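Chain order of the listed sequences is A and B. Heads up: the first sequence begins at 266 in my numbering, then just goes up one per residue. Heads up: the second sequence begins at 15 in my numbering, then just goes up one per residue.
Source of the hints: derived by calculation from the structure; they are not laboratory data. Since we're looking at a predicted model, the values are computed, not measured. A few of these clues could be false.
To be verified - Dumping the calculated SDA-like pairs for lysine to any residue here, alpha-carbon to alpha-carbon at most 20 Å:
hint : chain 1 : residue 1 : chain 2 : residue 2
1    : A       : LYS425    : A       : GLY389
2    : A       : LYS472    : B       : THR226
3    : A       : LYS472    : B       : PRO227
4    : A       : LYS472    : B       : SER225
5    : A       : LYS472    : A       : PRO312
6    : A       : LYS472    : B       : GLY228
7    : A       : LYS556    : A       : GLU491
8    : B       : LYS54     : B       : LEU72
9    : A       : LYS556    : A       : ALA520
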Amino acid sequence: MNSTRRVNLAAAVVLCLSMAGAIATLYAVDRMRRPTVAQEALYVRSPTALRRMSLGYTGLLADIYWTRAVQYFGDQHHSETGDFRLLSPLLEVATELDPRLLPAYQFGANFLAPKPPGGAGLPGAALSLMKYGIANNPDQWRLYYDLGFLYYTEFKDYAKAADAFAQGARLPVTNEFMPILAARMAQHAGEFDTARMLWFTTYQSTKEASIRQNAVEHLIALKVDEDVTRLEQVVNKYREKNGRPPGSMGDLERAGFIRGTPVDPKGHPYWLMPDGRIEVQDPQNIYFITKGLPPGMAPPQPPRQKPASNTDSK
Amino acid sequence: MSTSAAVNPAASYTVRMKPRAMNSIGYIAYNTFREAVRDKVLYNLIAFALLISAAAILVGEISIDIERLVVVNLGLTAVSLFGVIIAIFIGIGLVSKEIDKRTLYTVLSRPVRRWEFVVGKFFGLTGTLVLNTLLMALGVMLSLLYVAHRFEKMDLWVLVALYFIVLQFLIVCALALFFSSFSTPIMSAVFSFALFVIGNLSADLHGFARSTPGVAGWFMTAVAYLVPNFSALNIINPVAHGDPVPGRLILYCTAYALLYSAVAISGAVLIFQRRNLK
Numbered sequence: 266m267n268s269t270r271r272v273n274l275a276a277a278v279v280l281c282l283s284m285a286g287a288i289a290t291l292y293a294v295d296r297m298r299r300p301t302v303a304q305e306a307l308y309v310r311s312p313t314a315l316r317r318m319s320l321g322y323t324g325l326l327a328d329i330y331w332t333r334a335v336q337y338f339g340d341q342h343h344s345e346t347g348d349f350r351l352l353s354p355l356l357e358v359a360t361e362l363d364p365r366l367l368p369a370y371q372f373g374a375n376f377l378a379p380k381p382p383g384g385a386g387l388p389g390a391a392l393s394l395m396k397y398g399i400a401n402n403p404d405q406w407r408l409y410y411d412l413g414f415l416y417y418t419e420f421k422d423y424a425k426a427a428d429a430f431a432q433g434a435r436l437p438v439t440n441e442f443m444p445i446l447a448a449r450m451a452q453h454a455g456e457f458d459t460a461r462m463l464w465f466t467t468y469q470s471t472k473e474a475s476i477r478q479n480a481v482e483h484l485i486a487l488k489v490d491e492d493v494t495r496l497e498q499v500v501n502k503y504r505e506k507n508g509r510p511p512g513s514m515g516d517l518e519r520a521g522f523i524r525g526t527p528v529d530p531k532g533h534p535y536w537l538m539p540d541g542r543i544e545v546q547d548p549q550n551i552y553f554i555t556k557g558l559p560p561g562m563a564p565p566q567p568p569r570q571k572p573a574s575n576t577d578s579k
Numbered sequence: 015m016s017t018s019a020a021v022n023p024a025a026s027y028t029v030r031m032k033p034r035a036m037n038s039i040g041y042i043a044y045n046t047f048r049e050a051v052r053d054k055v056l057y058n059l060i061a062f063a064l065l066i067s068a069a070a071i072l073v074g075e076i077s078i079d080i081e082r083l084v085v086v087n088l089g090l091t092a093v094s095l096f097g098v099i100i101a102i103f104i105g106i107g108l109v110s111k112e113i114d115k116r117t118l119y120t121v122l123s124r125p126v127r128r129w130e131f132v133v134g135k136f137f138g139l140t141g142t143l144v145l146n147t148l149l150m151a152l153g154v155m156l157s158l159l160y161v162a163h164r165f166e167k168m169d170l171w172v173l174v175a176l177y178f179i180v181l182q183f184l185i186v187c188a189l190a191l192f193f194s195s196f197s198t199p200i201m202s203a204v205f206s207f208a209l210f211v212i213g214n215l216s217a218d219l220h221g222f223a224r225s226t227p228g229v230a231g232w233f234m235t236a237v238a239y240l241v242p243n244f245s246a247l248n249i250i251n252p253v254a255h256g257d258p259v260p261g262r263l264i265l266y267c268t269a270y271a272l273l274y275s276a277v278a279i280s281g282a283v284l285i286f287q288r289r290n291l292k
């Protein structure tokens with residue numbers, strides 16, 4: 266082997282080994298620094314300044330900020346810090362750079378308003394975002410829906426919620442549930458049915474996996490809350506009729522109050538407690554429920570998971 | 015002055031293989047360094063001194079409680095940018111200038127092999143940048159002393175950040191040399207600067223890779239690991255806030271910078287070995 270070939274071979278070996286070593290080292294560095302990366306700072310908060318710096322490529326910059334918002338929320342949610350202080354400015358920058366970035370409004374309505382750990386606990390910021398979105402996209406029914414949803418869930422302002430749904434219902438392209446929701450808000454009736462319709466519409470009208478999963482969990486929780494309420498009413502009726510509480514679900518069945526053993530949406534039978542309360546068997550795994558919990562237990566929250574990719578939301 | 019003048023052929027013929035190679039690399043490195051100094055590269059220090067002095071004096075007048083923060087941020091950013099600009103604009107001409115001036119043929123006609131030429135050039139440029147950084151580091155530390163009136167323990171981390179900046183320079187020098195081994199100076203500058211920008215966004219690349227499913231995610235991950243990760247070597251912001259730097263991170267980052275530089279230099283050697291210089 267001549268000298269040139271030896272040098273070539275040695276250089277090729279060094280190149281391959283160094284590349285492998287560099288990747289392995291970077292992997293180690295990445296693992297060490299990931300928590301600090303998650304705590305990243307938002308260096309430029311002014312959308313006006315960013316617009317100028319983008320040299321006209323505002324759409325791309327908006328996409329980058331929107332992606333960062335999703336990653337930031339996922340990382341913070343995963344890290345259990347409950348600190349979402351950059352979520353609002355990130356979404357604000359993304360939507361001001363591209364006011365037609367509809368997934369960002371939707372994400373904001375779902376995750377800015379709820380209290381930590383499920384969200385940032387900033388209903389005011391969510392409201393401002395939705396109003397900005399509607400001002401820039403007045404023909405999008407989905408934004409009116411999210412606004413009404415916010416008024417209903419976070420502010421309990423049924424009149425404003427009804428108004429938002431009604432405005433959305435009047436658009437040329439709208440959702441079939443919008444006029445019904447507007448009417449229900451106006452009547453402020455049928456709490457469970459209304460909530461179910463809201464979460465179902467949320468599920469139906471989005472492709473964003475994390476929002477859909479959130480809606481599914483709420484629909485399951487609503488079903489449990491409704492079941493437990495109904496079963497406890499049945500227990501009370503039994504007690505009034507027989508002068509004592511039922512000893513088991515079998516008593517209720519034999520008395521003709523229920524058919525078969527009632528089960529929760531996860532397939533576990535409900536438990537009848539000695540004091541007549543109804544409890545779910547596995548309260549840790551049915552999130553957001555407010556009824557059927559052991560005394561003193563707070564409504565369980567979903568496990569820390571990174572939201573799925575935002576790529577399917579556009 | 016070109017490299018050829020300093021190569022000592024007599025020594026090359028009388029010593030054994032390894033010392034000869036080391037001698038050749040050393041001579042080329044020394045002459046590259048001397049050439050850079052004669053090209054008045056260190057004049058950038060005047061601009062840096064003016065900048066950091068003005069910042070140190072003005073910051074006390076216009077800011078409240080962030081004097082140290084501003085001096086560290088501005089100082090380290092200036093050190094980094096000045097160094098990167100020097101690394102790119104000298105690095106891209108290291109090979110092409112020798113070809114244009116035809117001095118490369120004289121060098122290679124001596125017992126200097128092509129790989130020794132490339133490695134010597136790399137060390138020469140790196141030495142220039144290390145000296146430049148040391149002088150700028152002195153400026154940063156003096157400014158810190160001026161605004162805070164005394165050194166604090168957390169100022170040690172500023173020195174670590176300066177060391178990380180030198181690690182960045184190693185990679186930039188190696189990349190500039192790699193591109194200059196097969197491309198024109200302008201294109202080499204464009205490629206080097208583009209990689210520097212991409213490398214500084216590599217934290218975002220890793221983020222995109224994590225949130226992208228399927229084959230695209232794998233592809234993004236591969237890209238994120240293949241491009242030089244300058245953001246891993248950028249600790250200016252945490253250091254400005256007085257955050258300590260773990261010893262393990264210093265070790266890993268040093269290994270990373272050396273290994274990545276070795277990749278680029280090996281690539282440059284492989285290309286330069288095959289290049290037709292006629």
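(message) So if I understand the rule, the pair passes when the alpha-carbon distance is 20 Å or less; does A:LYS556 with A:ALA520 pass?
(response) violated (24 Å)
(request) Would you check the hint for B:LYS54 and B:LEU72, treating anything up to 20 Å between C-alpha atoms as holding? (result) With Cα atoms ~29 Å apart, B:LYS54 and B:LEU72 exceed 20 Å; violated.
(message) Run the distance test for A:LYS556 versus A:GLU491: straight-line Cα separation, threshold 20 Å.
(response) Holds, because 8 Å separates the two Cα atoms, which is no more than 20 Å.
(message) Just to be careful, I want the Cα atoms of A:LYS425 and A:GLY389 compared with a cutoff of 20 Å; is the pair within it?
(response) Satisfied, since the Cα-Cα distance of roughly 14 Å is no more than 20 Å.
(request) Would you check the hint for A:LYS472 and B:SER225, treating anything up to 20 Å between C-alpha atoms as holding? (result) holds (16 Å)
(message) Checking one constraint from the list: CA of A:LYS472 to CA of B:PRO227, max 20 Å. Satisfied?
(response) holds (15 Å)
(message) Between the alpha carbons of A:LYS472 and B:GLY228, is the straight-line distance 20 Å or under?
(response) Within the cut-off at roughly 17 Å; holds.
(message) Given the hinted pair A:LYS472 and A:PRO312, is their Cα-Cα distance within 20 Å?
(response) Not satisfied, since the Cα-Cα distance of roughly 27 Å exceeds 20 Å.
(message) For A:LYS472 and B:THR226, compute the direct alpha-carbon distance and say whether it is at most 20 Å.
(response) Roughly 15 Å between the alpha carbons, so the hint for A:LYS472 and B:THR226 holds.
Violated hints for the displayed structure, listed by number in ascending order: 5, 8, 9.
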